[in-house]
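Colleague: Now for the letters of each chain:
Number of protein chains: 2
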Amino acid sequence: MTDRMVTRELAQWISGLSGSDIPGEVRSEGVRTFVNWLGCALGGADHPSMDAALRALSPFSGPRSSTVLGRTDTLDPMNAALLNGISSHVLDYDDTHLKTIIHPAGPVASALLALAELRPMSGEDFLTALIAGVEVECRIGNSVYPAHYDRGWHITGTAGVFGAAAACGQAMGLDAQRQTWALGLAGTQSSGLREAFGTMTKSYHPGVAAMNGLRSALLAEAGFDSAEQGIEGRRGWAAILSDAFDETEILGGLGERWEAALNSYKPFACGIVIHPTIDGCQQIRAEIGDRVNDIAKVELRTHPLVLELTGKRAPRTGLEAKFSVFHSAACALLRGDGAPTAFTDEVVNLPEILDLRGRVEAITDPDMHEASVNITLTFNDGTTLEKYVDRAIGSRDRPLSDAHLEQKFLTQAGLVVGEDVAKAALDAAWGIERADPASVARATVPVSSAAAE
Amino acid sequence: MTDRMVTRELAQWISGLSGSDIPGEVRSEGVRTFVNWLGCALGGADHPSMDAALRALSPFSGPRSSTVLGRTDTLDPMNAALLNGISSHVLDYDDTHLKTIIHPAGPVASALLALAELRPMSGEDFLTALIAGVEVECRIGNSVYPAHYDRGWHITGTAGVFGAAAACGQAMGLDAQRQTWALGLAGTQSSGLREAFGTMTKSYHPGVAAMNGLRSALLAEAGFDSAEQGIEGRRGWAAILSDAFDETEILGGLGERWEAALNSYKPFACGIVIHPTIDGCQQIRAEIGDRVNDIAKVELRTHPLVLELTGKRAPRTGLEAKFSVFHSAACALLRGDGAPTAFTDEVVNLPEILDLRGRVEAITDPDMHEASVNITLTFNDGTTLEKYVDRAIGSRDRPLSDAHLEQKFLTQAGLVVGEDVAKAALDAAWGIERADPASVARATVPVSSAAAE
Numbered sequence: 309m310t311d312r313m314v315t316r317e318l319a320q321w322i323s324g325l326s327g328s329d330i331p332g333e334v335r336s337e338g339v340r341t342f343v344n345w346l347g348c349a350l351g352g353a354d355h356p357s358m359d360a361a362l363r364a365l366s367p368f369s370g371p372r373s374s375t376v377l378g379r380t381d382t383l384d385p386m387n388a389a390l391l392n393g394i395s396s397h398v399l400d401y402d403d404t405h406l407k408t409i410i411h412p413a414g415p416v417a418s419a420l421l422a423l424a425e426l427r428p429m430s431g432e433d434f435l436t437a438l439i440a441g442v443e444v445e446c447r448i449g450n451s452v453y454p455a456h457y458d459r460g461w462h463i464t465g466t467a468g469v470f471g472a473a474a475a476c477g478q479a480m481g482l483d484a485q486r487q488t489w490a491l492g493l494a495g496t497q498s499s500g501l502r503e504a505f506g507t508m509t510k511s512y513h514p515g516v517a518a519m520n521g522l523r524s525a526l527l528a529e530a531g532f533d534s535a536e537q538g539i540e541g542r543r544g545w546a547a548i549l550s551d552a553f554d555e556t557e558i559l560g561g562l563g564e565r566w567e568a569a570l571n572s573y574k575p576f577a578c579g580i581v582i583h584p585t586i587d588g589c590q591q592i593r594a595e596i597g598d599r600v601n602d603i604a605k606v607e608l609r610t611h612p613l614v615l616e617l618t619g620k621r622a623p624r625t626g627l628e629a630k631f632s633v634f635h636s637a638a639c640a641l642l643r644g645d646g647a648p649t650a651f652t653d654e655v656v657n658l659p660e661i662l663d664l665r666g667r668v669e670a671i672t673d674p675d676m677h678e679a680s681v682n683i684t685l686t687f688n689d690g691t692t693l694e695k696y697v698d699r700a701i702g703s704r705d706r707p708l709s710d711a712h713l714e715q716k717f718l719t720q721a722g723l724v725v726g727e728d729v730a731k732a733a734l735d736a737a738w739g740i741e742r743a744d745p746a747s748v749a750r751a752t753v754p755v756s757s758a759a760a761e
Numbered sequence: 309m310t311d312r313m314v315t316r317e318l319a320q321w322i323s324g325l326s327g328s329d330i331p332g333e334v335r336s337e338g339v340r341t342f343v344n345w346l347g348c349a350l351g352g353a354d355h356p357s358m359d360a361a362l363r364a365l366s367p368f369s370g371p372r373s374s375t376v377l378g379r380t381d382t383l384d385p386m387n388a389a390l391l392n393g394i395s396s397h398v399l400d401y402d403d404t405h406l407k408t409i410i411h412p413a414g415p416v417a418s419a420l421l422a423l424a425e426l427r428p429m430s431g432e433d434f435l436t437a438l439i440a441g442v443e444v445e446c447r448i449g450n451s452v453y454p455a456h457y458d459r460g461w462h463i464t465g466t467a468g469v470f471g472a473a474a475a476c477g478q479a480m481g482l483d484a485q486r487q488t489w490a491l492g493l494a495g496t497q498s499s500g501l502r503e504a505f506g507t508m509t510k511s512y513h514p515g516v517a518a519m520n521g522l523r524s525a526l527l528a529e530a531g532f533d534s535a536e537q538g539i540e541g542r543r544g545w546a547a548i549l550s551d552a553f554d555e556t557e558i559l560g561g562l563g564e565r566w567e568a569a570l571n572s573y574k575p576f577a578c579g580i581v582i583h584p585t586i587d588g589c590q591q592i593r594a595e596i597g598d599r600v601n602d603i604a605k606v607e608l609r610t611h612p613l614v615l616e617l618t619g620k621r622a623p624r625t626g627l628e629a630k631f632s633v634f635h636s637a638a639c640a641l642l643r644g645d646g647a648p649t650a651f652t653d654e655v656v657n658l659p660e661i662l663d664l665r666g667r668v669e670a671i672t673d674p675d676m677h678e679a680s681v682n683i684t685l686t687f688n689d690g691t692t693l694e695k696y697v698d699r700a701i702g703s704r705d706r707p708l709s710d711a712h713l714e715q716k717f718l719t720q721a722g723l724v725v726g727e728d729v730a731k732a733a734l735d736a737a738w739g740i741e742r743a744d745p746a747s748v749a750r751a752t753v754p755v756s757s758a759a760a761e
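Listed in order, the protein sequences are those of chains B and X. Heads up: the first sequence begins at 309 in our numbering, then just goes up one per residue. Heads up: the second sequence begins at 309 in our numbering, then just goes up one per residue.
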């Protein structure tokens, strides 16, 4: 498919990277990526999927070096990476690399922080490795997007495992040969089917990508060898998992233009393609006040992907509702809410939500951009109101401010670990570049256990 | 793709299966499958890939309930499943479901025996679960073969993870709902790229399939949910990992015709497509005696797949030589050997082997069957000799006898654990149906540690 040794060139870049190679604004975005990820991991820490996974796997944990963020549990680094990958994604509230719809931090940060608790590293080195991992993950995603995603792969899992292996390998100081093997091992474990969307297994994908990426780096370090051309080879990752592949997306301008600087953060706790709709409905609510009770009909004009991903007409649970643009529109109009509180089993089944949800219609239009929506309201008196959202809040054109990130962090984390721990964890996260990463992980543990330590 | 609930129907069959549903001859073949697998795991137990994997992963093991077969190491069941999956495949000497080239026992037996050491079960129930796992794995393989394999997937890994989840779920008594989730979790972790062939990572595939299949069953048991149509869904396993899918291969005649009864066992320690060539060369050697030193040229006529999979012209290591029909022909002619001893770094680089290897040529012929070969020898005096092998020893038409299986077991296991332990392990393996499976695992531990217990 290509004459270049893509995997090896990428591995050479990873192993040769040092912190000073990364521009200040990229490092700053890396800190925001970390802060947002940690808040999401805390927000999801008490989810039933976490309880189930811990029930199943904690009895098999090795030495408990690493923190299950926002809980009193500790696990070996592989299992901690898995659990933190689950919690950080389970509310569908995490970061997004918009070009590929990859949620970059889940696989990468979950693996790297679990490793950092085992093998001490400086916050500066941690951030360098985190950015390397996100960069590798997003570039590999770019090289096969959209063909790979269209085939049905959950790209956060499939590309994420490379990011986790790259970040861990970078932090461990793997040489280029061993990093090549680590990427080969990652590629051969790349997985995640979109069929699992709407179940606990969706969040398992970034978790298992973190676990497998970390294991890949550890195996390669010990001399367990793998393919030399794991990504670009004739029977390699790109050829098998995608019907199209552009290697220049991986190697072009490496170290010059930074995909890691293009990360974005969700203001709403659901699938990213619903965000323009919630944003528009919130704006409408602010404009029309009590008239939300006079709505006869809501018409959404969206890109077809919106309905493909989030077209659930009649969600019964909070988790299903994250994949319902219909619920999301109704809830944003009636309650102004797009936070995790909008996606509880209770809210999903409120009579007034059900009533309005039944009057939301969606029309697909391939000429609409995926990040845009046109909303037309018809009131009971026959009058109409139209709202066009070109790019939603949280997109690259309208990024979340640091203050908004803090509010998002404190709101979701506070519900789970309490206000004080949330505040302490937030402060620790902002200071990651000057801190011991392990201390940041420990700052997330709820008070009840901190006392017991 | 289909209107039937394939995953659920399969899960119902697995959870409803009892030992008496399985005909005696299928159970007998199941015992042979187990014996052959255990011998291979012992033969591969001291391979460098095992040392590397243990160096990397043993420090992270949970409570060490399960045996690394043929070694003094113990690990938690997930890691033991991984390691035993590696050792049983690393010599390329294991079993083969010929229709799909799946090596069935590696993923299934490795997961199930590690589980059986944690949760006691009768040998009878063990055998039932083993056969269920192999059946599920081979049927799922059939449903996508050859399109799936042709795409580049290592089908032993990709189908194997279903087999491991089915076997473990069956043994754990999962109900149909939980078994459905276990299959969904398995499918979303299905992986393994053929690009890794010729490296340690090839053997990692059955190992990680065993580990992931076992983890899938444990998660499902704890209520971690997954897709309802993991196999047949629109974004499910078959649609994403294969360009063709026939559900009737999975559900047709389930419980009536048995793929598990069609397992075969390699007489030679290398890729199955080389076997006709080794068989033919051994026959020639027996016929011509000393004239093997007068060979001017060897010409092989084979199906194209033989060269695609095993076309390495100049292997440098024993591992690479397993993928060289050229080395294998030379070694079988000069030394009569196709056992693990034919694939050592030393033998691969013997001057007389290198010399004859350089005079072996291969011509591909799409009209040849994959399991056949035509060998033409030209001697220094210009005379020629032709040998056609229709089906190699070890194929379904010429199956290995129990006595040959024993000899294979004792030869390879004896080299690693010594003659006495090999003999005891073999006896234990034949008696699996009336034994505590955990005692069979412990019977493989080399003497030095048995004393230390």
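Keep in mind the hints are simulated off the structure, nothing from the lab. Just to be clear, a hint being listed does not mean it is correct.
[Stated by the list, open to error] With a straight-line cut-off of 20 Å between C-alpha atoms, the simulated EDC-like cross-links for lysine to aspartate or glutamate are: (1) K407/B <-> D675/B; (2) K407/X <-> E564/X; (3) K620/B <-> E564/X; (4) K620/X <-> E536/B.
Colleague: Against this structure, judge whether each hint is valid.
Modeller: Now the hints, each set against the structure:
1. K407/B <-> D675/B: With Cα atoms ~17 Å apart, K407/B and D675/B stay inside 20 Å; holds.
2. K407/X <-> E564/X: This hinted pair holds, its Cα atoms lying about 18 Å apart.
3. K620/B <-> E564/X: Cα-Cα ~40 Å, so violated.
4. K620/X <-> E536/B: holds, 16 Å
The structure fails hint 3 only (numbered hints given earlier).
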